[in-house]
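K.L.:
Protein chains in written order, with full-length UniProt numbering: chain A, 1 to 636; chain B, 1 to 636.
What the hints contain is simulated information worked out from the structure, not anything from laboratory work.
It is possible that some hints are incorrect.
The list makes no distinction among identical chains, and a pair is therefore deemed to hold if it is satisfied within one copy or across any two copies.
[To be verified] Simulated pairs of lysine-lysine, DSBU-like, Cα-Cα distance not exceeding 30 angstroms:
#	residue 1	residue 2
1	Lys281	Lys525
2	Lys164	Lys360
3	Lys281	Lys330
4	Lys525	Lys103
5	Lys525	Lys167
6	Lys525	Lys67
7	Lys164	Lys281
8	Lys103	Lys330
9	Lys338	Lys525
10	Lys338	Lys167
11	Lys525	Lys330
12	Lys338	Lys360
13	Lys167	Lys344
14	Lys163	Lys281
15	Lys344	Lys525
16	Lys360	Lys281
The structure displayed is predicted, hence computed values, not measured ones.
Protein chains: 2
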Amino acid sequence: SRDLCIDQAVVFIEDAMQYRSISHRMDAGSMRLYRCYYSNACQRILNFTIFCILALAFIETPCSLTKTADVRYRSLHWEPPCGLTEGVEGLCLLVFMADVSVKGFLVGRAQFQRNVWLLAYIVVLAVSLVDWTVSLCLLCQERLRIRRLLRPFFLLQNSSMMKKTLKCIRWSLPEMASVGLLLVVHLCLFTIFGTLLFTVGEEDEHEKKERLTYFQNLLDAFTSLLVLLTTANNPDVMIPVYSENRAYAIFFIVFTLIGSLFLMNLLTAIIYNQFRGYLMKSLQTSLFRRRLGTRAAYEVLWLPRAVLTGGFPSHRVGVMPQDFLQVLEKAQLSSSQKQAIMEKVRSLDGVLLSADEFQKIFSEVDRGVVREHPPRPCYQSPLLQSAQFLFGHHYFDYLGNCITLANLVSICVFLVLDEDVAPSDRDNFVLGVLNCVFIMYYLLELLLKAFALGPWGYLSYPENLFDGLVTLALLVLEILTLAVYGFPYRGWYPEMRGLLSLWDMMRLVNILIVFRFLRIIPNMKLMAVVARTILGLVQNLRAFGGILVVVYYVFAILGINLFQGVIVAPGNDSLAHDNGSAPCGSFEQLEYWANNFDDFAVSARGPLPHRDILEEPKEEELMHRLRNHPHVRLCR
Amino acid sequence: SRDLCIDQAVVFIEDAMQYRSISHRMDAGSMRLYRCYYSNACQRILNFTIFCILALAFIETPCSLTKTADVRYRSLHWEPPCGLTEGVEGLCLLVFMADVSVKGFLVGRAQFQRNVWLLAYIVVLAVSLVDWTVSLCLLCQERLRIRRLLRPFFLLQNSSMMKKTLKCIRWSLPEMASVGLLLVVHLCLFTIFGTLLFTVGEEDEHEKKERLTYFQNLLDAFTSLLVLLTTANNPDVMIPVYSENRAYAIFFIVFTLIGSLFLMNLLTAIIYNQFRGYLMKSLQTSLFRRRLGTRAAYEVLWLPRAVLTGGFPSHRVGVMPQDFLQVLEKAQLSSSQKQAIMEKVRSLDGVLLSADEFQKIFSEVDRGVVREHPPRPCYQSPLLQSAQFLFGHHYFDYLGNCITLANLVSICVFLVLDEDVAPSDRDNFVLGVLNCVFIMYYLLELLLKAFALGPWGYLSYPENLFDGLVTLALLVLEILTLAVYGFPYRGWYPEMRGLLSLWDMMRLVNILIVFRFLRIIPNMKLMAVVARTILGLVQNLRAFGGILVVVYYVFAILGINLFQGVIVAPGNDSLAHDNGSAPCGSFEQLEYWANNFDDFAVSARGPLPHRDILEEPKEEELMHRLRNHPHVRLCR
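Turn these sequences into a full structure, and let the hints guide you.
P.N.:
Right, here's the structure in full:
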């Protein structure tokens, strides 16, 4: 029974660290399954499956693996053989079926029936399976695949943060809708105004027709003004009537002021406020889950024990550090967190831990582990010591930055100088020599820094890692270039040997050098702050990114179904003089041939709650929740 | 001496109510001048002078009073005779000279020398005068007029709120500049990347040339990406390379993500934060000025006096209400404020006012005076009473709104029906009759409401005022139409009689009806809130509006000086088939002929500080300031 309690504490602590709910089965067998399900391997398999099923859209008919999307130059789509993508999809669906059954089993029947997401998961899976069977029966010849539209659901249901964001969007819909309504009223009124103002009287027809380009009828006027809200057609829509009478500009100024400046910004402000409040609240829930988990672990671990207070024996309640250590040993936490907690517990040497102290240990860990760099190597010789001081100093970094900047400037100078020379006539001698010299310096810098900080010390700085990797890539490229094309000489013209031409090699080297210039970011204070802010934003906005991916995905699939093949490549004769024949602003004149509906954008996924300045949950709330938990009582 | 103190108190209270500084001369003569200077009449003259000198730009050569700005259709500019605008300008400058001398005299020599704005005022006036003299000497033939660029200064210096805003902009410049620098670095790096990525190799020339439309050289690439930051050329800039290889889209996606989404929004957030903080601080200063003014008034008014506390005579210090009333009687405050304060003071019947009570009376007034509507008339007859109940009920308003909506719909229906009919062939019979009926209803509604609420009660609601005015205008128009064109009959075709054709009359009526539809705004809760928010914004953003006017003005004048006459009307032959010959996207093809540099936008002025949730200034601070004031002591 004591072992079961220890195991339960392990599960509770893992739940707490991952901000998971503790409402699930807690018997020995279920716990083994639970820990296995939430183990890194299983979760990675699940994530990979979700990635696979989403990525399938790139390979399925119509396949997106052509070099260009331009209907004029595009090669024929590769048709995957029937059964290939369906086979992969079948495997994915199998994994999801296993996922939903394990999840359903673990949360128990009562929780399962209340969980809308799990029920929806089953429905989506069932529909997908039926659709998949139909697909196979029709030998992949069916036009409509409903299951493609449903796929983003698997991404949604697997992320608690994305579910929260979705709920938040649903909650702010009424407010957004009311400002949306205002916008519509604003648009409608101005549409009627505009149509009445800019109608053609009984005067000269030719001149007046022009005035009506954007205000022919109510629908045209509405569309024009709707686009004007985004300022996309800003001067154009005004030009015909403005060139008639300059007072007409007032109409457009008033419209833009009210619509774009006030109402659109009001919408932004409302969305911002709603989201901030709601996200704060949902992060609070995450924190509450963590507190609940740790408290539950405490509840199953505590033991009464006699202690000496002021020479008299008395009873005190608490967790024994050795129990705690045993739990920590078993729990799957990140190694740095585990290390920090265990050191803390060991430093208590045998004193019972109260509930408060127990909680405190976990909140301490959350403050973030400061990463320490390995110590610098100690050299004996004073010469080596002064060299170490010199090359380990941050002025040496600045020198490196200056040299990188000089390299960048040299590339720019050659870009400007060779602007009018055809690429095949360019003499790469000087730039080749310069790049050679610079790359030698970069290598030297790398070695000297590694000498000064020690190899591990060098690698412990992320900026050095970046720097080193790019430098090594540069070195490899340069050696390859020299090996294939020999040392630079006057008239080192671009020519083709092997995989890449000298021209492309040089471009690649130059691009890498520009890329290497990014190492200055941590050296400039402001840039570092902004870069860190942006990285933090990306972290915190991952859930939003996920929602965006879902929306993009659904619209891309819808677009393919609706508009595939609508854009047809122009005939040969119109291709020859398309600029002359097509009216300005038309699809043909703008050559938007690559803008069709045969592919779509998808990007990475991954949601994790972050922690902000949140209120601490109250003790009573925690205890109230725990009193209703059936498994915590078992251990008492 | 007591009279002088009363007068000083009057001036202090006026200063307080207008948030003015109290550091100025306080002897009897100066005070008379001061009150005269800040009287409504003098300030109106000054404001009108500023308006005049700014508005001169419309009339001066090149005169903006043509109907259209289109170089193809524009009539010749009217040339004002030499001396006309210069005469007006001379008068304005005379007023400003009087203004600066009065201001300088009133603040005293010490203050004057420390006041940068006043010194700059004198310099600007001197330069303007010299320039004006040169103009007159050259008989208005000079090309460059520096004084036109300096004119917005008169607007700036006359408004304390605009000066504060300007200071705020100056303070936030460093932060903005640093993010601006980041943007520049971002742009530069991507420019070099882009130029290296999208260069032409040694392949087929024709196909590749196209790829280089936007990335020919460093400068072109920089411009393209700079415009891409605003998303103005969003798909176009990407199309040539994207149609070559779809992977190139990643370059543009990353650029837009970092540039437009992160850095631009970061800039907005920084500006927002800086301004909020600084404006709050400067509004605090305004509040402090008010407190200081009222406290100073208290200090010159208080008298020691024996009062009975608990049956024993004791001394208490305070202001006698009759003195206060005397001061209020003399002070120039808005009548509603004055009324409220005087009632408050009278209700104290003779008790001495302490400093706190004195301050409190003024802050009470600031809370806003609730406007009361006059009582409804009382009718004797029960029939009239029930009619009054019926037509005074807000359901009657709703009925009116519904009828207005119906009218709007009928106009829309006719707009759609007559879409394809030439205006001269349209039969206005049905619409004419409908409008007639509706206008009769509007008149009836007006009369019934006036009957129910009484004439003054009716006018006390701003929405009724708006409604009534528009209805009256509609009535006048309708009567005019009927008088000139007779009653509507089948085939009531538009024709020309008198000033306006029937067609134009009908349009005007329709536009007014759409305009009248705005009366629904106060009836819809959300709309009313948004409308009030927008009105409040307009009030509070007046200072920013003023700064914008200044910037627009200066750039408009600069534009005229630099680019006047650069855009030349096309010859007759190119006018005939301009769409065919001009390349797409060019000035000629887009017919931007009206976009030249011969006129500019100017708008209203007027700054007043508003009051937000501000901290109250501390008692000690006030007293510390007053202790250093030379004139408050005189009365003690």
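K.L.:
Now, for every hint given, state plainly whether the structure supports it.
P.N.:
Each hint tested on the structure:
Within a single copy, Lys281 and Lys525 get their C-alpha atoms only as close as 33 angstroms, which misses the 30 angstroms cut-off; across copies the closest is 28 angstroms, which meets it. Taking the shortest alpha-carbon separations for Lys164 and Lys360, only the intra-copy value of 27 angstroms comes in at or below 30 angstroms, while the best inter-copy value is 49 angstroms. In the homo-oligomer, the alpha carbons of Lys281 and Lys330 never lie at most 30 angstroms apart, since the shortest distance is 32 angstroms inside one protomer and 57 angstroms across protomers. Within a single copy, Lys525 and Lys103 get their C-alpha atoms no closer than 47 angstroms, and across copies no closer than 47 angstroms, so neither meets the 30 angstroms cut-off.
Taking identical chains as interchangeable, the C-alpha atoms of Lys525 and Lys167 lie at most 30 angstroms apart only when they sit on different chains, with a minimum of 26 angstroms there against 38 angstroms within one chain. When the C-alpha separation of Lys525 and Lys67 is checked against a cutoff of 30 angstroms, the pair qualifies neither within a copy, at 41 angstroms, nor between copies, at 55 angstroms. Taking the closest pair of Cα atoms, Lys164 and Lys281 come within 30 angstroms of each other only inside a single copy of the chain (10 angstroms); across copies the shortest separation is 38 angstroms, beyond that limit. Taking CA atoms no more than 30 angstroms apart as the test, Lys103 paired with Lys330 passes inside one copy only; the shortest distance there is 22 angstroms, against 82 angstroms between copies.
Proximity of Lys338 to Lys525 under the C-alpha cut-off of 30 angstroms is found in neither arrangement, the shortest distances being 33 angstroms within a copy and 56 angstroms between copies. Within a single copy, Lys338 and Lys167 get their C-alpha atoms no closer than 34 angstroms, and across copies no closer than 53 angstroms, so neither meets the 30 angstroms cut-off. With identical chains, the CA atoms of Lys525 and Lys330 are never at most 30 angstroms apart, being 42 angstroms at best within one copy and 60 angstroms at best between copies. In this assembly of identical chains, Lys338 and Lys360 lie within 30 angstroms of each other by CA distance solely inside one copy; the values are 15 angstroms within and 62 angstroms between copies.
When the C-alpha separation of Lys167 and Lys344 is checked against a cutoff of 30 angstroms, the pair qualifies neither within a copy, at 39 angstroms, nor between copies, at 53 angstroms. Within a single copy, Lys163 and Lys281 get their C-alpha atoms as close as 14 angstroms, which meets the 30 angstroms cut-off; across copies the closest is 42 angstroms, which misses it. Taking identical chains as interchangeable, the C-alpha atoms of Lys344 and Lys525 are never at most 30 angstroms apart, the minima being 34 angstroms within one chain and 59 angstroms between chains. For the identical chains of this complex, Lys360 and Lys281 are intra-copy neighbours only, at 22 angstroms inside a copy versus 40 angstroms across copies, given an alpha-carbon limit of 30 angstroms.
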